[in-house]
Amino acid sequence: MKLFEVEIETHTVCNARCRYCAYPGMARAVGNKFMEPELFDRILEELDFARADLERIHLHHVNEPFVNKDMPLLVAKARKAFPEKRVGFSTNAILMTPERAEAVLKAGLNILYITIPSSDPEAYAHIMGVKADVGRVMDNAMTFISMAGPDVRIVVRSPLGFDAGLNERFGHLDNIVMEHVPLSDRLGKVDADLLDGRPVRRPGEPIPCTRSWMFNSLVILHNGDVPLCCNDQEHTFIVGDIRDRSVEALWTSERYKKVRRWMRGQGRPADIPCNVCEYGSKGGGA
9 MKLFEVEIET
19 HTVCNARCRY
29 CAYPGMARAV
39 GNKFMEPELF
49 DRILEELDFA
59 RADLERIHLH
69 HVNEPFVNKD
79 MPLLVAKARK
89 AFPEKRVGFS
99 TNAILMTPER
109 AEAVLKAGLN
119 ILYITIPSSD
129 PEAYAHIMGV
139 KADVGRVMDN
149 AMTFISMAGP
159 DVRIVVRSPL
169 GFDAGLNERF
179 GHLDNIVMEH
189 VPLSDRLGKV
199 DADLLDGRPV
209 RRPGEPIPCT
219 RSWMFNSLVI
229 LHNGDVPLCC
239 NDQEHTFIVG
249 DIRDRSVEAL
259 WTSERYKKVR
269 RWMRGQGRPA
279 DIPCNVCEYG
289 SKGGGA
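Counting in this note's numbering, the sequence shown runs from 9 upward without gaps.
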């Protein structure tokens with residue numbers, strides 16, 4: 009199976025408590041942990057086996073990258089190891105000051121996802137779970153966009169759709185992509201009232217995962233654990249770990265091959281998250 013995308017959890021900390029994310033419910037248990045530099049370096053070295061197919065290295069998971077003061081160094085390391093690939097992360101842009109934006113751009117960041125759910129201050133604070141200034145957030149995003157060169161891919165995302173204020177600020181720009189990413193119920197872990205009336209999923213008939221790109225994606229947590237996919241934000245199903253084996257050995261292991269068959273709906277056991285995922289089951293409403 010070809011590996012197109014790697015998501016590396018460089019740390020476990022976020023500065024927001026978004027109601028469309030599982031992080032608020034897991035923050036206390038997870039704590040503030042950072043990937044050891046030696047492990048990060050080893051991951052980059054061992055990803056060489058997938059160099060021909062690898063397209064993107066994302067330095068985020070269920071966190072906020074700008075919390076990590078070493079992010080420019082990590083970006084630089086990843087770009088040095090894979091100069092021809094996309095290296096970047098997803099951010100809420102609250103901490104993305106001009107100085108921090110300049111630092112990651114100088115380090116070689118060439119892809120950035122900026123998530124802004126609403127331009128309305130009250131709605132923004134309610135959805136994000138923190139009292140951040142959405143005007144400043146949009147200013148941060150605009151500053152980054154103005155600083156980035158033509159080789160930097162910038163995607164502005166809104167999980168709730170683009171309201172008039174967001175369209176006014178970003179809709180006229182031709183050097184970015186505006187992307188509406190419909191909310192997932194995160195295996196039933198997000199506030200149901202954000203789901204536009206859709207029921208939170210319950211076990212249903214297994215179907216092949218409708219997010220086919222997940223078959224070619226690898227998530228590595230700060231401690232070397234490898235969860236099923238990025239949608240299993242609470243890491244309820246660990247495929248394996250890379251503490252005592254290489255990244256290639258795990259990616260090509262019989263265990264991972266079996267898990268991919270389960271993701272396709274073949275012989276799936278009862279405890280795999282796909283059974284309560286909107287992308288891997290049907291007929292399983294609340």
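Hint data in this document are derived by calculation from the structure and do not stem from the laboratory. Treat the hints loosely; a few may be bogus.
[To be verified] Here are the simulated lysine-lysine pairs, DSBU-like style, with alpha carbons at most 30 Å apart: (1) Lys114 with Lys93; (2) Lys93 with Lys77; (3) Lys114 with Lys88; (4) Lys41 with Lys114; (5) Lys10 with Lys139; (6) Lys139 with Lys85; (7) Lys265 with Lys290; (8) Lys88 with Lys77; (9) Lys41 with Lys77.
Model, not experiment: these values are computed from the prediction.
Verification of the supplied hints:
For the proposed pair Lys114 and Lys93, the alpha carbon gap of about 16 Å is at most 30 Å, so the pair holds. A C-alpha spacing of about 23 Å is found between Lys93 and Lys77, which places the hinted pair at or below 30 Å, so the restraint holds. In summary, the hint linking Lys114 to Lys88 is supported, as the alpha carbons are separated by about 12 Å, within the 30 Å threshold. As the CA atoms of Lys41 and Lys114 are separated by approximately 26 Å, the hinted pair is consistent with the 30 Å bound.
For the hint linking Lys10 to Lys139, the alpha-carbon distance of about 42 Å lies beyond 30 Å, and the restraint is violated. For the given pair, Lys139 sits about 34 Å from Lys85 by alpha-carbon distance, which is inconsistent with the 30 Å threshold. The hinted pair formed by Lys265 and Lys290 meets the criterion: a straight-line CA distance of about 23 Å does not exceed 30 Å. Between Lys88 and Lys77 the alpha-carbon distance is near 19 Å, which keeps this suggested pair within the 30 Å criterion.
Distance hint between Lys41 and Lys77 is fulfilled; the C-alpha atoms sit about 13 Å from each other, no more than 30 Å.
Figure legend: structure checked against the earlier numbered hints; hints not met, in rising order: 5 and 6.
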